[in-house]
Amino acid sequence: MHLARFVSSRTMQVLFAALVMAGCAAIGADAQTTVQNNGTGTNNGYFYSLYTSSGSATMTLTDDYGGGNYSISWSGVGDMVGGKGWNPGGSISVGYNVGAANGYNTISVYGWTTNPLVEYYITEFGSLYTADATYKGSVSSDGHTYDTYEHEQVNQPSIEGTATFEQYLDAWGGSSIGSNHTVTTGNHFNNWKNLGMPLGNFNYMILGTEAYNGASGYVNATVW
Amino acid sequence: MRKQLAAAAILFLVGACSAQPPDNFVLVKGGTFKNRTSNYYEKNIFLSDFYIGKYDVTQEDWVEVMGTNPSRFKGGDLPVEMVSWYDAIDYCNRRSIEEGLQPYYKIDRKTKDPDNRPNPRFGDLDDIKWTVLRNPGGDGYRLPTEAEWEYAAGGGQSSRSYIYSGGNLADEVAWYWRNSGDNYLTGYWYWPEIVENHDRTMPVGRKKPNELGLYDMSGNVREWCWDWYGDLKTNATNPQGSPGGFSRVWKGGGWMGADFCTATAYRGSLAANGKGPDQGFRVCRNK
Numbered sequence: 025m026h027l028a029r030f031v032s033s034r035t036m037q038v039l040f041a042a043l044v045m046a047g048c049a050a051i052g053a054d055a056q057t058t059v060q061n062n063g064t065g066t067n068n069g070y071f072y073s074l075y076t077s078s079g080s081a082t083m084t085l086t087d088d089y090g091g092g093n094y095s096i097s098w099s100g101v102g103d104m105v106g107g108k109g110w111n112p113g114g115s116i117s118v119g120y121n122v123g124a125a126n127g128y129n130t131i132s133v134y135g136w137t138t139n140p141l142v143e144y145y146i147t148e149f150g151s152l153y154t155a156d157a158t159y160k161g162s163v164s165s166d167g168h169t170y171d172t173y174e175h176e177q178v179n180q181p182s183i184e185g186t187a188t189f190e191q192y193l194d195a196w197g198g199s200s201i202g203s204n205h206t207v208t209t210g211n212h213f214n215n216w217k218n219l220g221m222p223l224g225n226f227n228y229m230i231l232g233t234e235a236y237n238g239a240s241g242y243v244n245a246t247v248w
Numbered sequence: 144m145r146k147q148l149a150a151a152a153i154l155f156l157v158g159a160c161s162a163q164p165p166d167n168f169v170l171v172k173g174g175t176f177k178n179r180t181s182n183y184y185e186k187n188i189f190l191s192d193f194y195i196g197k198y199d200v201t202q203e204d205w206v207e208v209m210g211t212n213p214s215r216f217k218g219g220d221l222p223v224e225m226v227s228w229y230d231a232i233d234y235c236n237r238r239s240i241e242e243g244l245q246p247y248y249k250i251d252r253k254t255k256d257p258d259n260r261p262n263p264r265f266g267d268l269d270d271i272k273w274t275v276l277r278n279p280g281g282d283g284y285r286l287p288t289e290a291e292w293e294y295a296a297g298g299g300q301s302s303r304s305y306i307y308s309g310g311n312l313a314d315e316v317a318w319y320w321r322n323s324g325d326n327y328l329t330g331y332w333y334w335p336e337i338v339e340n341h342d343r344t345m346p347v348g349r350k351k352p353n354e355l356g357l358y359d360m361s362g363n364v365r366e367w368c369w370d371w372y373g374d375l376k377t378n379a380t381n382p383q384g385s386p387g388g389f390s391r392v393w394k395g396g397g398w399m400g401a402d403f404c405t406a407t408a409y410r411g412s413l414a415a416n417g418k419g420p421d422q423g424f425r426v427c428r429n430k
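Residue numbers (the working numbering), protein chains in the order written: chain A, 25 to 248; chain B, 144 to 430.
What the hints contain is simulated information worked out from the structure, not anything from laboratory work.
Be aware that a few hints might be false.
[Claimed, not checked] No farther apart than 30 Å at their CA atoms in a straight line, the calculated lysine-lysine pairs in the DSSO-like style are these:
{"no.": "1", "chain 1": "B", "residue 1": "Lys376", "chain 2": "A", "residue 2": "Lys217"}
{"no.": "2", "chain 1": "B", "residue 1": "Lys418", "chain 2": "B", "residue 2": "Lys249"}
{"no.": "3", "chain 1": "B", "residue 1": "Lys177", "chain 2": "B", "residue 2": "Lys197"}
{"no.": "4", "chain 1": "A", "residue 1": "Lys160", "chain 2": "B", "residue 2": "Lys418"}
{"no.": "5", "chain 1": "B", "residue 1": "Lys249", "chain 2": "B", "residue 2": "Lys351"}
{"no.": "6", "chain 1": "B", "residue 1": "Lys186", "chain 2": "B", "residue 2": "Lys197"}
[Unchecked claim] Over the 12 Å line for every Cβ pair with chain A, so calculated as not near, a few chain B residues:
{"no.": "7", "residue": "Glu207"}
{"no.": "8", "residue": "Glu224"}
{"no.": "9", "residue": "Arg237"}
{"no.": "10", "residue": "Asp258"}
The structure displayed is predicted, hence computed values, not measured ones.
C-beta: ideal position from N, C-alpha, C; glycine also.
Taking the hints into account, I'd like the entire structure generated from these sequences.
Have a look at this one:
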């Protein structure tokens, strides 16, 4: 569900952002939903998902900060991905605040488009693996610069089934804990288009935290 | 006079027998598209009658003709997968020869097909590029054209304009990523979760058939079609797709992909040498 349907005006979005920035923890009824290891669904109008391949992880969803808040703690995970987001994605301002995070590999805006089939990452925390990707340039957005890479996947699993498709990777990783940030996804999409990297029809888009190789850690984040 | 009547009766019987579909095939009566969700609806496309397999080509079918089994998930009643478009064409001709039918395809393995162009984004993915021509008069096995596939999947003249082949609920008629493993998956498509859920192909014919009695047109494995992927034709009889391209059409979606891919109108494509554990086919014959 797009934020626009949840928060009806830009004023309200700013208000929520201000509340998050102020560290106010007392809005809402503080209702909680707990997900153990694997689970997906909708919470306060946001998609959420937690996937754990081995080890253990617990995701706690709250209705704090406009409903986009969640925390995950994990231990000894082979691979763990969890987060909240929207379906479909698109050119929106993704607001987020990561209140605490340790033991992760990346925290990224992640999504898919079809026709053409593209998997994309906009990485806010951590380092993407780009060793076998092609460097295409850079883009400045929301006060910092991302390096843009393109990676070809031949006959690999995808949302359409086996496919040859592109991964678009915008790598930054310099975000900070405890303050509000914005990912203006349209800036990334336009830059990719200008670099000859077109997108298609949007599927889901989430702010996902990923950890692997036996990692243990914790994240507490809010999206809006 | 009695002899003439006997001869007429024999001719009638021969004619009647030849009109029977081969085993496990369905006669698809031709015409224009009735399914309102089809890409070809009201586009003045006319198709002739043809036969199409009730089921995907199974691994048992494949091994009987080809000898070896390339599939990732093994089982005689599972659809064959990990087959390229060239493999499917080769199977058609070999099966035709085995059954005394006239091969439908002329395969030139030595001449690179000049109509097989590099992918504008990925370059030359196809390292085979056989030149394959049709023999339209052949009575042997062949792949459906994209139009034939969509027409049959959409119910032909009996269409109820379903989104998926045989229904409007994907779970009732199609194996796709949510329902093809140990547990029903919800949320968003995420490959590691699908692997862990042991998603896989399923025995053919277990879901509800469509209006024509065809199974698994939506889901299970994606199905190769004859056509190059390109712009759809309008105002045509028995369209055969673009004259060239860089990928061949698949239809129907499979166990690995999203439900939207299993809609009969959804168009996908892959380089002709591409293979995957969700890529199979079914065969047709001319009437």
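We went through each hint and held it up to the structure:
Only pairs whose Cα atoms come within 30 Å are accepted, and lysine 376 of chain B paired with lysine 217 of chain A is accepted, the gap being roughly 29 Å. Annotation: proposed proximity of lysine 418 of chain B to lysine 249 of chain B holds, straight-line Cα distance about 22 Å (limit 30 Å). Restraint check for lysine 177 of chain B and lysine 197 of chain B: satisfied, since their Cα atoms lie roughly 20 Å apart, inside the 30 Å limit. For the hint linking lysine 160 of chain A to lysine 418 of chain B, the alpha-carbon distance of about 29 Å falls within 30 Å, and the restraint holds.
Straight-line distance between C-alpha atoms of lysine 249 of chain B and lysine 351 of chain B comes to about 36 Å, which puts the hinted pair past the 30 Å bound. Distance hint between lysine 186 of chain B and lysine 197 of chain B is fulfilled; the C-alpha atoms sit about 27 Å from each other, no more than 30 Å. The claim that glutamate 207 of chain B lies off the interface holds: its Cβ sits roughly 25 Å from the closest Cβ of chain A, which is beyond the 12 Å cut-off. With a closest Cβ-Cβ approach of about 9 Å to chain A, glutamate 224 of chain B is found to fall inside the 12 Å limit, against its non-interface label.
Chain A leaves arginine 237 of chain B outside its interface by the beta-carbon criterion, the shortest separation being 24 Å against a cut-off of 12 Å. With a least CB separation of 19 Å from chain A, aspartate 258 of chain B remains clear of the 12 Å interface cut-off, as annotated.
Checked against the numbered hints above, the structure violates hints 5, 8; every other hint is satisfied.
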